[in-house]
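Both chains are given apart, each in its own frame, so use the hints to dock them into the complex.
Chains as they are written, first to last, in numbering that gives the first Met the number 0: chain L, 0 to 400; chain C, 0 to 524.
If you're looking for bench data, these hints aren't it; they were derived computationally from the structure.
One or more of the hints may lead you astray.
Stated by the list, open to error - The calculated DMTMM-like cross-link candidates involving lysine to aspartate or glutamate, where the alpha carbons are at most 20 Å apart (straight line), are: (1) 232(L) to 372(C); (2) 225(C) to 186(C); (3) 370(L) to 381(L); (4) 384(C) to 236(L); (5) 45(C) to 244(C); (6) 239(L) to 385(C); (7) 239(L) to 349(C); (8) 365(L) to 48(L).
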Amino acid sequence: MKKKSGSGFRRAVLAVFGDERRQSITIPVFAVVLSLLASAVMLLALGKDPINAFLGMLRGCGIVPKANYAAKTGMLTDFMSFLNVLAPMIFAALAVAVASKTGLFNIGISGQMLFAGFIATVVVGYSDLPAAAALPLVIIIGVTAGALVGGIIGFLKYRFNINEVVSSIMLNYIIQYVVSFFINMYYVDPVSRQSMYISNASRLTITGVEIFGMKADLPLAMLLVPPAIIFAKVLFDRTKIGYEMKSVGLSRNAARYAGMSVGKNMVLSMLVSGALAGLAGVAYYLGYFNSIQPGVLTSVGFDSIAVSILGNYNPVGIFFSSFLITIVSKGSTYMSSSAAIPQEIASIITGLILVVSACTFFIRTKLARMKEREIESRKAAEAATPDEPVPAAEDSKGGER
Amino acid sequence: MVYFIYTYSQGGVKTGLSEYIVEMRGVTKRFPGIVANDNVSIAIKKGEIYALLGENGAGKSTLMSMLFGLYEPDEGEIYVRGEKVTLESPAAAAKLGIGMVHQHFRLISNYTIAQNIVLGIEPKKRLLGFLPTVDIKKANRDIAELSRRYGLEVDPTQKIEDVGVSMQQRVEILKMLYREAEILIFDEPTAMLTPQEIEFLLKIILELRAGGKTIILITHKLEEIKQVADRCAVLARGKLIGVIDAATTSTREMANMMVGREVETDIDKKPANFGREILKVEGLTVKNDDGLEVVKDVGFSVRAGEIFAVAGVSGNGQIELADAVAGLAKTSGGRIFLDGEEITHASVRDRILAGMSYIPEDRQNVGLVLDFDLAENLALKSYFKEPFCRKGFLNRAAFEEHGNRLIEEYDIRSGQGTHTQVRSMSGGNQQKAIIAREIELESKLMIFVQPTRGLDIGAIENIRRQILAERDAGRAVLLISLELDEIMALADTIGVIYRGQLLKTAPAAELTSRKVGEYMMGVSA
Numbered sequence: 000m001k002k003k004s005g006s007g008f009r010r011a012v013l014a015v016f017g018d019e020r021r022q023s024i025t026i027p028v029f030a031v032v033l034s035l036l037a038s039a040v041m042l043l044a045l046g047k048d049p050i051n052a053f054l055g056m057l058r059g060c061g062i063v064p065k066a067n068y069a070a071k072t073g074m075l076t077d078f079m080s081f082l083n084v085l086a087p088m089i090f091a092a093l094a095v096a097v098a099s100k101t102g103l104f105n106i107g108i109s110g111q112m113l114f115a116g117f118i119a120t121v122v123v124g125y126s127d128l129p130a131a132a133a134l135p136l137v138i139i140i141g142v143t144a145g146a147l148v149g150g151i152i153g154f155l156k157y158r159f160n161i162n163e164v165v166s167s168i169m170l171n172y173i174i175q176y177v178v179s180f181f182i183n184m185y186y187v188d189p190v191s192r193q194s195m196y197i198s199n200a201s202r203l204t205i206t207g208v209e210i211f212g213m214k215a216d217l218p219l220a221m222l223l224v225p226p227a228i229i230f231a232k233v234l235f236d237r238t239k240i241g242y243e244m245k246s247v248g249l250s251r252n253a254a255r256y257a258g259m260s261v262g263k264n265m266v267l268s269m270l271v272s273g274a275l276a277g278l279a280g281v282a283y284y285l286g287y288f289n290s291i292q293p294g295v296l297t298s299v300g301f302d303s304i305a306v307s308i309l310g311n312y313n314p315v316g317i318f319f320s321s322f323l324i325t326i327v328s329k330g331s332t333y334m335s336s337s338a339a340i341p342q343e344i345a346s347i348i349t350g351l352i353l354v355v356s357a358c359t360f361f362i363r364t365k366l367a368r369m370k371e372r373e374i375e376s377r378k379a380a381e382a383a384t385p386d387e388p389v390p391a392a393e394d395s396k397g398g399e400r
Numbered sequence: 000m001v002y003f004i005y006t007y008s009q010g011g012v013k014t015g016l017s018e019y020i021v022e023m024r025g026v027t028k029r030f031p032g033i034v035a036n037d038n039v040s041i042a043i044k045k046g047e048i049y050a051l052l053g054e055n056g057a058g059k060s061t062l063m064s065m066l067f068g069l070y071e072p073d074e075g076e077i078y079v080r081g082e083k084v085t086l087e088s089p090a091a092a093a094k095l096g097i098g099m100v101h102q103h104f105r106l107i108s109n110y111t112i113a114q115n116i117v118l119g120i121e122p123k124k125r126l127l128g129f130l131p132t133v134d135i136k137k138a139n140r141d142i143a144e145l146s147r148r149y150g151l152e153v154d155p156t157q158k159i160e161d162v163g164v165s166m167q168q169r170v171e172i173l174k175m176l177y178r179e180a181e182i183l184i185f186d187e188p189t190a191m192l193t194p195q196e197i198e199f200l201l202k203i204i205l206e207l208r209a210g211g212k213t214i215i216l217i218t219h220k221l222e223e224i225k226q227v228a229d230r231c232a233v234l235a236r237g238k239l240i241g242v243i244d245a246a247t248t249s250t251r252e253m254a255n256m257m258v259g260r261e262v263e264t265d266i267d268k269k270p271a272n273f274g275r276e277i278l279k280v281e282g283l284t285v286k287n288d289d290g291l292e293v294v295k296d297v298g299f300s301v302r303a304g305e306i307f308a309v310a311g312v313s314g315n316g317q318i319e320l321a322d323a324v325a326g327l328a329k330t331s332g333g334r335i336f337l338d339g340e341e342i343t344h345a346s347v348r349d350r351i352l353a354g355m356s357y358i359p360e361d362r363q364n365v366g367l368v369l370d371f372d373l374a375e376n377l378a379l380k381s382y383f384k385e386p387f388c389r390k391g392f393l394n395r396a397a398f399e400e401h402g403n404r405l406i407e408e409y410d411i412r413s414g415q416g417t418h419t420q421v422r423s424m425s426g427g428n429q430q431k432a433i434i435a436r437e438i439e440l441e442s443k444l445m446i447f448v449q450p451t452r453g454l455d456i457g458a459i460e461n462i463r464r465q466i467l468a469e470r471d472a473g474r475a476v477l478l479i480s481l482e483l484d485e486i487m488a489l490a491d492t493i494g495v496i497y498r499g500q501l502l503k504t505a506p507a508a509e510l511t512s513r514k515v516g517e518y519m520m521g522v523s524a
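Just chain C, with the same shape it has in the complex (with noise of 0.2 Å):
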């Protein structure tokens, strides 16, 4: 096990209170199953740039979420300008000078950017005297001072619609500025901009900070930490890990902080053997619906027998990369192999009959029909052949054989056996159904996504003894995971996945998982 020690530079309640402009104290916030906030305090100084960083599912949006007056905390207090606060509202937090930029943005499309951003406190004129009208002119001439001001040139009389990404930030940012807000929230601003967005946004927000503005910045980029932070809390799990200083700590360290645990395993692992080359991708690129690439040129192998194992922080292409081998996303570049065939166009069921079984991380939308029943989601894949289906009629003799074949094989519990509607299922059984599923396809290749996401131990350890008894059955093991010790357990080889490209492929062998925790959030080269 590795510990790590930090000093916490705030001084905590005792710490005269006008020191800092937003305190929580002790906050903590429950949504049913899972505790996203734990006990979390943090304190911070007017004027300065306050990061948060952690993984997805870390707590940082819901923390902000309740300063921003989105949801109430179940326990704990909020002060603002040493104050004690409810925020019931987000205009409640507007009112205290708190804005907030959220990751997707919340404009009118066929408004102008003026419209939008004057909404709700729009500049009034009374025409004829006494009509009360908006006063459009004058809104447009404000904004446009306001922008030049900060640096922000925008066209106020632009609509939404026609224009990009980056513009529309920054309209979102003039909001916050027009609603004269002290105290700035960015959620994860950089995720949908080019690098030279990016550098743009990050000197802007420079430029709030000397303006004397309070800057919070949700994110996972240490690198933008680096560059623009004053402190950074570290939250994983939704508890507080430490609040460092950010010039003083290298990205290493906190990259460690944010992932950094050794997780053994108890699970014996035998010796890989290594048959031919099953899965081949070459130069694949994959375009999400924003015409954005979201896998470039990502090429690699997997052998018969071996577990390739992609690591990565969510959302760096992973689920895309999976989704063009099996099929579900298209390709803009690149071949895909199995089994020496090229399947770059085939379609799905051409690869699920070439031998190709897919495990998707959304079991529940995408790998079930949960209005099916139990007999009708095993036989998903194989409905359409004998003894499922003659001549177009099915035999549901055979769906119940297979069901019940498969409920005792796999220990699939279920209420009513075949019969069980999946939906009424644990999530637990919901993943045994799919993984028997695609096992008894007996496939060359096995595409695992997440595979024990949300499960129990119990089912996790289940599931990858399935992985590994696949493995060693010599069948071609792709697994995507964002559990670190899932990876280091389990994978024979790790290719480490960075804004969709592969930076680093090794046999796990020869990495640590501080090493891949490193490599995961770009900080090695």
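Okay, chain L solo, but in the shape it has when bound (with noise of 0.2 Å):
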């Protein structure tokens, strides 16, 4: 009988979702429906008016106009200072993705910003240069110093076998700390507690820029998003070596076996990897900030992992599931102002959108396991005799040998 319901259920579940390649797009964007339902039944048991709370977030980023602004300042303004957020994370999330190609997981990226955010810091931020000899800089830098971080795992598990999670959750708190002591030694702030701030002609962002008669910040990593997902939508589809990067990822023997060198595509996976994590950095450090707070690694590069999985790996999926995590964390300011909600309930938004993405995997195998057994009962069922339902399903199957 439970059977019966559950087959039911299941033909239901594999109209749906059974499509392995529409999952890319129908898995995530259950994962993100399901997890808004959610938070909407958890802000209701609060007493707090689900779709208020939801708008407010898309206020405070610029994408719903507010009722009211203060001189000079408009949903631009808004819309802009998200942009300065979404840069980074979209950087981190592709750093991620580039990573995995390989099957590398690389949680070492806000590690690998904070070096590469430091370095461009100490380097380009102090000194006197203009901007147009400096911002090219700050992005080299950045590049380059992430990439060694980077490179250093991949070499790491290349030559040493070391377990890439392992050595690279030690670097991050390796740098963590390390950059915590100069900043704290040579470069504070005594009044903010963090890094002195860095030179306006270093910073990635254009403060104070009157567009419309309102004043925003404009954000320059943002110029280098598309560059960077067609860069590495580009890698993956269309090159050798994203060719070879994913047959390693895929099956490491199998590469081998094609004759592929699996240590040097884990290792320039790493680089590349790293190389983006320190866009992301500088985008972070020296762009949405202008300093840095010793100590503390930020939450980007880590939710950017997940970013990352809600976007399937893709870079353009992931332009769009940064896009969705950046509005809630972002615009979670302004809605526990506007709405009287606690700023805490964006973390724990974020937080459900980010565990549901998490077991898109899980969701992704159960319904492969869903379809094998739907197609099984469909062939047990043609086999069966009238008087012998179900259960001579296996016995039928095994006698046919």
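In structure tokens, the structure reads:
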């Protein structure tokens, strides 16, 4: 009896999610909808209006207009500020995706970001270079520094078979405390207890630009987002290196059998991953912020892992998932002040989305198994005689041999 | 066809139950797609050494796993000491005095020998009169005493990680004895031991019998059976072929029983036309991860237009041999030449470019990237060359064109053509794809390992024809197969590998399958 109702449910589920080619879209959408529904239930339980809460987030990000604005500010102000946080998230999530193509888990994005941000801050941020020289230099230094750290992790994996998760977590700590030490010793601002502010010329944000009578901070890092996405997309789909990376990630044995160098590809993917993380680092510390808080790793690096999964490791998917997660995290400030909802709720919503999205693999394998069972039970139904229903399925299968 | 007639020495159901300590009656066990045991009945007397003989996959381990409570039979009954039992777990089996030494030891490497042995049934004492603790001193004493009694000297305080394979096996045996097991199952106990260690182990087994234990020995080594066993049940393809008296049956007869069947083939084979020497292997030695020499001083050569087949029971080094020639396994000695050029230390890629195709045993994990589509898999060995790749960028159109051509030419069936995920394809079509890709490389040497394993008859015929076609096209073919009839049907020259050594190399015409079978079992010298 239970089996019958189960198979009806199974058929319904498979009708919506059964197509593997569409799963890369349907499953993340399902994950997001499910977690937003759960969040809505939670907000209702707290006696808050969920619609209002979600609108509050969108308003805070300059996507939906607020009721009123302070002088010289407007939707554009909020939206530009939103883009400034979005850029590092996209780079970081792309970094996760590149590493994952070769089957590596770069959990050290935050450390790589901090290292790149710190080196760029010290070398360029505290110099007198004009913007025309400083900005390209910030990018180059950020990318190089990130690639260096990523490359070390890849090399340790390749040469000594040290698990990349362990080495990147350890490097996270090392970078976190070493950078903290240098900031506290040499670069600390006694008032803010953070690193001294960098020069405006070296900042990847042009502050206080007036557009349509609204003051806004222009996020320059956003200009690099389309090239980065295209770079990742082309790398994965159109290049020999991408093909080798994917082979290594999907089947190390097959890659070796085909004559590819597994080690070289792992180091290479960690180099590229680190470079993108470095880009995220300078966009974050020398763009959205202009100083570094010592002793703290940004959560962007960790959120980016789930963002990347939610985006199905696809560069375009990552753009949308970054957009979504950043709306929730960035918009929560305004939501909390306007709708009188504690800001922590936003973290819970983010957490919910990320948890559910991290389950996409589970959902996918579950669906695959459902499909198998559906096919099997259909076969069994064909094979079984009228007076001998379902339990004969296994026996009749074995009997064929 | 050759038939063998054997007398069934066991009395079967009608005999008094008390004579047998273990009886399995009509036991059938199915796994998806395969019948591992098909109506097998065996009866084992108390105090005998009962051997289970069969090729890999004959169903020996499955049968014993049911006696040890790892699986439950789909049909049939198990009797222990005359009583019908259901063994739903190893713990239930242990209660009945059944113990098993697995092929792969189950020991905790950073525990001492004594800790490993007593684990689960530790002797306890009360510290300060009330705190229960493990009395490790008593355990050490007990085990030292036990090991002396059975001549299995161990130092109970040594850690497992510090002792060798043979010592670990002793620990496994002591583990059973400490639990007072009466029925001891040994699963391929000599697989990892040196000849001296094997001698010692067999002596121990004889002593255990003298001590009143019943021993079941799973093996495919005939001389061990001859040396220690009282009776021997021969299994093939899940079925019981017969039960023989070890003392009065020759190893040759056992070998024939195990593999003996003359299979006729209806594939036309044109007379061979040998060309120059393409592959030459000299003194090749390969070590496995444990440092054991799995291929020892192997030398042979394959000429253009020749099928050189390596016959052997699984696990005698043939896979490692193929991997070493293909560059996937490190060699620790010897030299390999491809068409006169030494390639002993060449990379896999260089060997492919020098003209080597390889159809690996594990088609799903090695031969294919299952999550790539068919077009990508069909170009797995040529993606870096024109027209697939120009200046580092791939040309998807070339992949498609190449894929479509191969799908057409080799009749590869798939749901969505070149876009089909290879994972979703049937095993036969996956193999077709690999063979298509490897033939398309137009290599001088083609290595086929188990090319027809697990495929249906139609696919098998087709692949065998392709192998012959490649030979007739003047390629050198190295064929490694566990199927004797496949080797007999295809080979021009047969090399029989036994324990990593080429025991016999001769033109196929000079050998019968029975003869090859005997060499495979190490019977003929």
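Tested hints:
For the hint pairing residue 232(L) with residue 372(C), the CA-to-CA distance comes to about 18 Å; that is within 20 Å, so the pair holds. Restraint check: the Cα-Cα separation between residue 225(C) and residue 186(C) comes to about 17 Å, which is no more than 20 Å; the hinted pair holds. For the proposed pair residue 370(L) and residue 381(L), the alpha carbon gap of about 17 Å is at most 20 Å, so the pair holds. Between residue 384(C) and residue 236(L) the CA atoms are separated by roughly 17 Å; this keeps the pair inside 20 Å, and the hint holds.
For the hint pairing residue 45(C) with residue 244(C), the CA-to-CA distance comes to about 16 Å; that is within 20 Å, so the pair holds. In summary, the hint linking residue 239(L) to residue 385(C) is supported, as the alpha carbons are separated by about 12 Å, within the 20 Å threshold. Distance hint between residue 239(L) and residue 349(C) is fulfilled; the C-alpha atoms sit about 18 Å from each other, no more than 20 Å. Between residue 365(L) and residue 48(L), the direct Cα distance comes to roughly 34 Å. Violation of the 20 Å bound is thereby established for this hinted pair.
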